[in-house]
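As given, the protein sequences belong to chains A and B, one line each in that order. Each step along the first sequence adds one to the number in our numbering, with nothing skipped, and position 57 is 57. Each step along the second sequence adds one to the number in our numbering, with nothing skipped, and position 223 is 223.
Treat the hints as calculated values from the structure; they're not laboratory data. Here the structure is a predicted model, which means the values were calculated and not measured. Just so you know, even glycine gets a beta-carbon here, dropped at the ideal spot from N, CA and C. Heads up, some of the hints might be wrong.
Dumping the calculated SDA-like pairs for lysine to any residue here, alpha-carbon to alpha-carbon at most 20 Å [claimed, not checked]:
#1 Lys225(B) - Phe200(B)
#2 Lys98(B) - Lys64(A)
#3 Lys98(B) - Ser123(B)
#4 Lys86(A) - Leu27(B)
#5 Lys86(A) - Trp180(B)
#6 Lys33(A) - Leu96(B)
#7 Lys64(A) - Gly201(B)
#8 Lys98(B) - Leu120(B)
#9 Lys66(A) - Phe200(B)
#10 Lys98(B) - Gly126(B)
#11 Lys225(B) - Asn186(B)
#12 Lys103(B) - Tyr142(B)
#13 Lys98(B) - Pro31(A)
Each pair of labels, with its calculated beta carbon distance range [to be verified]:
#14 Ile73(B) - Ala98(A): 32 to 42 Å
#15 Glu127(B) - Lys64(A): 44 to 54 Å
#16 Phe205(B) - Ser29(A): 32 to 42 Å
Stretch by stretch, here's where chain B covers chain A in the computed footprint (C-beta under 8 Å, at least three residues) [as the list claims (entries may be wrong)]:
#17 8 to 14
#18 24 to 33
#19 43 to 55
#20 58 to 69
#21 79 to 91
#22 94 to 104
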Amino acid sequence: MEGALMSQLWIAVLGTSLIAFGLKYFGHSVPEKYLSNPRVLRINTLIPIALLSALVAVQTFGDKSKLVIDQRVVGMSVAVIALMLKAPFPVVVIGSAAASALTFHYLG
Amino acid sequence: MRQNVRVSTVNRTTAAASFSVSFTVGLYGIAFGAAGIAAGFSLIQTCALSLLTFSGASQFAVVGVLGAGGSAISGIATASLLGIRNALYGMRMAPLLKIRGWKRLVGAQVTIDESTGVALGQSELGEPAMRQGFWLTGIGVYIFWNLFTIVGALGAQAMGDPAAWGLDAAVPAAFLGLVWPRLTNNRERALAVAAMALSFGLTPFVAAGIPIISTALLAVAFGWKARS
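Construct all of the structure, not just a fragment, from the sequences and the given hints.
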């Protein structure tokens, strides 16, 4: 079981890396006119927004196939406030972790 | 590189911009290193992602999806959708860099948001400065990102239970920090809300990872028509 999980992780690591490099190299090797269609460019700007927003939601409230409210919500509230105050990225992440950890210890 | 970079010929403004971007972005590597360990990846696997994938959002996505119990396939698919933009950057950079052979391999690997951004930011200083900005930033981020990944991963290994140190909130906070600056108009904000709602709605019913990658369809729907 442990071994099967490790190989899943390695497949993910190597598969992601292979495709990531393939995409970069492809870009350097084809003429710019491909993919410079306005619709493709528009959708390409929006894809990270959709995926990253979904990751925020699932990583904040998800617990396997359930949605839960726990210490992470406190951490994320701090992250939102930090971003609204235009705090730099490390402050956002560390502030969120600190708030979540304090809540975890206080409630747990 | 092709234009024969010597220290005396490197534009100072470009070098300063490249270094500050490299160091600042490299620091995020700490958050990634910690996220990899917290998601159950080994030290070697976490470092391999920074060395080989070398694209922040894709790396966070693959550890996020697998950490939540998603399959390797959905992790790879999510990370790869996030990596499409690097192909577009490569297409933009290729006519500027004019590189072949092993230089193209290296140039491709360091084609990311930051190297492209700094290169384009030097356009007023001319093409040599743009090329310098690309290489200095690409290689600079590569070095700092990988060094700080190790720091973050070792730190997280020493910590034990991720929740006790708030790492379980640090990962979504990192995603939020990545998406926040991209929300520049109402369509983008509406898409962010819709993507969160769809992923919530699907979470109880489908395998982990699917609720995330499904939202790419929302991006297609939202981007299909030009803004009226």
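Against the structure, the hints come out as follows:
{"no.": "1", "hint": "Lys225(B) - Phe200(B)", "verdict": "violated (26 Å)"}
{"no.": "2", "hint": "Lys98(B) - Lys64(A)", "verdict": "violated (48 Å)"}
{"no.": "3", "hint": "Lys98(B) - Ser123(B)", "verdict": "holds (16 Å)"}
{"no.": "4", "hint": "Lys86(A) - Leu27(B)", "verdict": "holds (17 Å)"}
{"no.": "5", "hint": "Lys86(A) - Trp180(B)", "verdict": "holds (10 Å)"}
{"no.": "6", "hint": "Lys33(A) - Leu96(B)", "verdict": "holds (15 Å)"}
{"no.": "7", "hint": "Lys64(A) - Gly201(B)", "verdict": "holds (14 Å)"}
{"no.": "8", "hint": "Lys98(B) - Leu120(B)", "verdict": "holds (16 Å)"}
{"no.": "9", "hint": "Lys66(A) - Phe200(B)", "verdict": "holds (9 Å)"}
{"no.": "10", "hint": "Lys98(B) - Gly126(B)", "verdict": "holds (15 Å)"}
{"no.": "11", "hint": "Lys225(B) - Asn186(B)", "verdict": "holds (15 Å)"}
{"no.": "12", "hint": "Lys103(B) - Tyr142(B)", "verdict": "holds (15 Å)"}
{"no.": "13", "hint": "Lys98(B) - Pro31(A)", "verdict": "holds (12 Å)"}
{"no.": "14", "hint": "Ile73(B) - Ala98(A): 32 to 42 Å", "verdict": "holds (35 Å)"}
{"no.": "15", "hint": "Glu127(B) - Lys64(A): 44 to 54 Å", "verdict": "holds (52 Å)"}
{"no.": "16", "hint": "Phe205(B) - Ser29(A): 32 to 42 Å", "verdict": "holds (41 Å)"}
{"no.": "17", "hint": "8 to 14", "verdict": "holds (count 7)"}
{"no.": "18", "hint": "24 to 33", "verdict": "holds (count 9)"}
{"no.": "19", "hint": "43 to 55", "verdict": "holds (count 13)"}
{"no.": "20", "hint": "58 to 69", "verdict": "holds (count 9)"}
{"no.": "21", "hint": "79 to 91", "verdict": "holds (count 6)"}
{"no.": "22", "hint": "94 to 104", "verdict": "holds (count 10)"}
The earlier numbered hints that this structure contradicts are 1, 2.
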